[in-house]
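Using the sequences and the hints, build the whole thing.
2 protein chains.
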Amino acid sequence: MKEKLKEHIENLVPLTDDEFSFVLSHFSFEKHKKNDFLIREGENVKHCYFVVCGLLKLIYNDKEGKQHVVSFAMEDWWESDFSAYFTQTKAKMSLQCIEDTISFSISLKNYKKLSTEFSKMERFFLEKSNSGHIASQNRILSFLTSNAKERYEQLLKLHPILFQRVPKSLLASYLGVSRETLSRLSS
Amino acid sequence: MKEKLKEHIENLVPLTDDEFSFVLSHFSFEKHKKNDFLIREGENVKHCYFVVCGLLKLIYNDKEGKQHVVSFAMEDWWESDFSAYFTQTKAKMSLQCIEDTISFSISLKNYKKLSTEFSKMERFFLEKSNSGHIASQNRILSFLTSNAKERYEQLLKLHPILFQRVPKSLLASYLGVSRETLSRLSS
DNA sequence: GTTCGGGCGTGACAAATATCACAATTATAA
DNA sequence: TTATAATTGTGATATTTGTCACGCCCGAAC
Chain A
1 MKEKLKEHIE NLVPLTDDEF SFVLSHFSFE KHKKNDFLIR EGENVKHCYF VVCGLLKLIY
61 NDKEGKQHVV SFAMEDWWES DFSAYFTQTK AKMSLQCIED TISFSISLKN YKKLSTEFSK
121 MERFFLEKSN SGHIASQNRI LSFLTSNAKE RYEQLLKLHP ILFQRVPKSL LASYLGVSRE
181 TLSRLSS
Chain B
1 MKEKLKEHIE NLVPLTDDEF SFVLSHFSFE KHKKNDFLIR EGENVKHCYF VVCGLLKLIY
61 NDKEGKQHVV SFAMEDWWES DFSAYFTQTK AKMSLQCIED TISFSISLKN YKKLSTEFSK
121 MERFFLEKSN SGHIASQNRI LSFLTSNAKE RYEQLLKLHP ILFQRVPKSL LASYLGVSRE
181 TLSRLSS
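As given, the protein sequences belong to chains A and B, one line each in that order.
The first sequence: position 156 = 156 (the working numbering), numbered continuously.
The second sequence: position 136 = 136 (the working numbering), numbered continuously.
Bear in mind the hints are in silico, worked out from the structure with no lab data behind them.
Treat each hint with caution, since some may be false.
Because identical chains cannot be distinguished in the list, a pair is counted as satisfied if it fits within a single copy or across any two copies.
Said to hold, decoys possible - The calculated lysine-lysine pairs, modelled on BS3-like cross-linking and capped at a C-alpha distance of 30 Å, are: (1) Lys63 <-> Lys157; (2) Lys6 <-> Lys120; (3) Lys90 <-> Lys157; (4) Lys66 <-> Lys109; (5) Lys149 <-> Lys90; (6) Lys157 <-> Lys33; (7) Lys46 <-> Lys149; (8) Lys112 <-> Lys128; (9) Lys168 <-> Lys6; (10) Lys46 <-> Lys66; (11) Lys90 <-> Lys34; (12) Lys4 <-> Lys168; (13) Lys157 <-> Lys109; (14) Lys149 <-> Lys2; (15) Lys113 <-> Lys90; (16) Lys66 <-> Lys120; (17) Lys66 <-> Lys149; (18) Lys46 <-> Lys120; (19) Lys128 <-> Lys33; (20) Lys31 <-> Lys46; (21) Lys34 <-> Lys63; (22) Lys4 <-> Lys149; (23) Lys128 <-> Lys4; (24) Lys92 <-> Lys34.
Structure, rendered in structure tokens:
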């Protein structure tokens, strides 16, 4: 478990064992069952999560009660309701397990402490944040330039594994189309 | 001009005059005329830009030659083709002036130098990147949950000034609808 | 001034997508 | 096992949005 986190961080910044121990001391280890909530809409967002194994969905519920998948989070992904996490406000979204999930969580306090006291991790977080920003912008670009079928194919190419692990209705929601339309596209 | 940048940074991290001089030495001052390109698709992306005054559009041209507005950048906004900038690859997008624009630019080399040598700026960049990520996610959420009319109203509420400075056709492109549909929505 | 092109609105029609309804199949739980 | 719920596909139809065509207005360039 620890090793997964260490390897993940070392993809961007090399760490000695002592340094990693220091880093690790800022995280908590968590196990959650399918359908468990890591973050609930309306509650305080205490943590940001690194997924060791399993699968999460970040969802937004609109006024009509419809659920929208803002993001998935698989192995090696970081996820939270970042807006609520960083500004310490109530969650607008929920983070829920699609599969049993093992993760490391870090509080905002520890995130800031780690960033301040250990510049390697500040750099790591900066690079992660930049990647996240770029990924989001690519998704926006996909909405701007592509119709449902093209978005479907782009997702299939980018994350084929999702199609084996996630119900089609959730994929449809992530793509911004109805379940019926997605079904027609894929046949 | 300098003062705009200094104030902007000090919203997140306080700086002494000496510190700011050091920061400023990593930037170049640039003036561009309406319709000038700061970044051209296919070329290397040398800089990230802080807009002092003026207005930019970040655009993507698809295979059919249609232009899509990925983002605007006004006073106090940072903009670039971040993907190409950070990975030092060719630009997939172009950054062009909608109005005469004054900006400070920073090379990736200086961005990294500044981050490494001056942790306050690393923190500043991290916070900016996090904000950017959150803003992008909100835009995605808008695509997922809202139809064209609702997106139009959300943009009107969030950035009313754009409606006074940007042609409707570009706003339509940013919203992901045709010019004609936007016209019908707003009447 | 005149000309020219960008920006904008709008009608008519086509295409994409959503919604509703229903059935079949598969997974889950009691 | 049994029954109960979740998942998926598909037809019929409604709604949203795009595309093409046209005309008007206004500001910039000559």
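Status of the hints after comparison with the structure:
1. Lys63 <-> Lys157: This pair counts as between: shortest inter-copy Cα distance 19 Å, intra-copy 33 Å.
2. Lys6 <-> Lys120: both (13 Å within a copy, 26 Å between copies)
3. Lys90 <-> Lys157: Only across copies: Lys90 and Lys157 sit 22 Å apart there, 35 Å inside one copy, limit 30 Å.
4. Lys66 <-> Lys109: Close neither inside one copy (33 Å) nor across copies (46 Å); limit 30 Å.
5. Lys149 <-> Lys90: Result: close only across copies, 27 Å inter versus 35 Å intra.
6. Lys157 <-> Lys33: within (29 Å within a copy, 40 Å between copies)
7. Lys46 <-> Lys149: Neither. Shortest intra-copy (38 Å) and inter-copy (35 Å) distances fail the 30 Å Cα cut-off.
8. Lys112 <-> Lys128: Both, since 15 Å and 15 Å are each at most 30 Å.
9. Lys168 <-> Lys6: Answer is neither: 33 Å inside a copy and 49 Å across each miss the 30 Å cutoff.
10. Lys46 <-> Lys66: within (25 Å within a copy, 43 Å between copies)
11. Lys90 <-> Lys34: within (23 Å within a copy, 42 Å between copies)
12. Lys4 <-> Lys168: Answer is within: at 29 Å inside a copy they meet the 30 Å cutoff, but 49 Å across does not.
13. Lys157 <-> Lys109: neither (37 Å within a copy, 33 Å between copies)
14. Lys149 <-> Lys2: Answer is neither; intra-copy 40 Å and inter-copy 48 Å both fail.
15. Lys113 <-> Lys90: Classified as within; 22 Å inside a copy, 36 Å across copies.
16. Lys66 <-> Lys120: neither (41 Å within a copy, 42 Å between copies)
17. Lys66 <-> Lys149: For Lys66 and Lys149, the Cα distance is within 30 Å both inside one copy (22 Å) and across copies (18 Å).
18. Lys46 <-> Lys120: both (23 Å within a copy, 25 Å between copies)
19. Lys128 <-> Lys33: within (27 Å within a copy, 35 Å between copies)
20. Lys31 <-> Lys46: within (16 Å within a copy, 44 Å between copies)
21. Lys34 <-> Lys63: within (25 Å within a copy, 42 Å between copies)
22. Lys4 <-> Lys149: Intra 35 Å, inter 45 Å, cutoff 30 Å: neither.
23. Lys128 <-> Lys4: Result: close both inside a copy and across copies, 16 Å intra and 28 Å inter.
24. Lys92 <-> Lys34: This pair counts as within: shortest intra-copy Cα distance 21 Å, inter-copy 39 Å.
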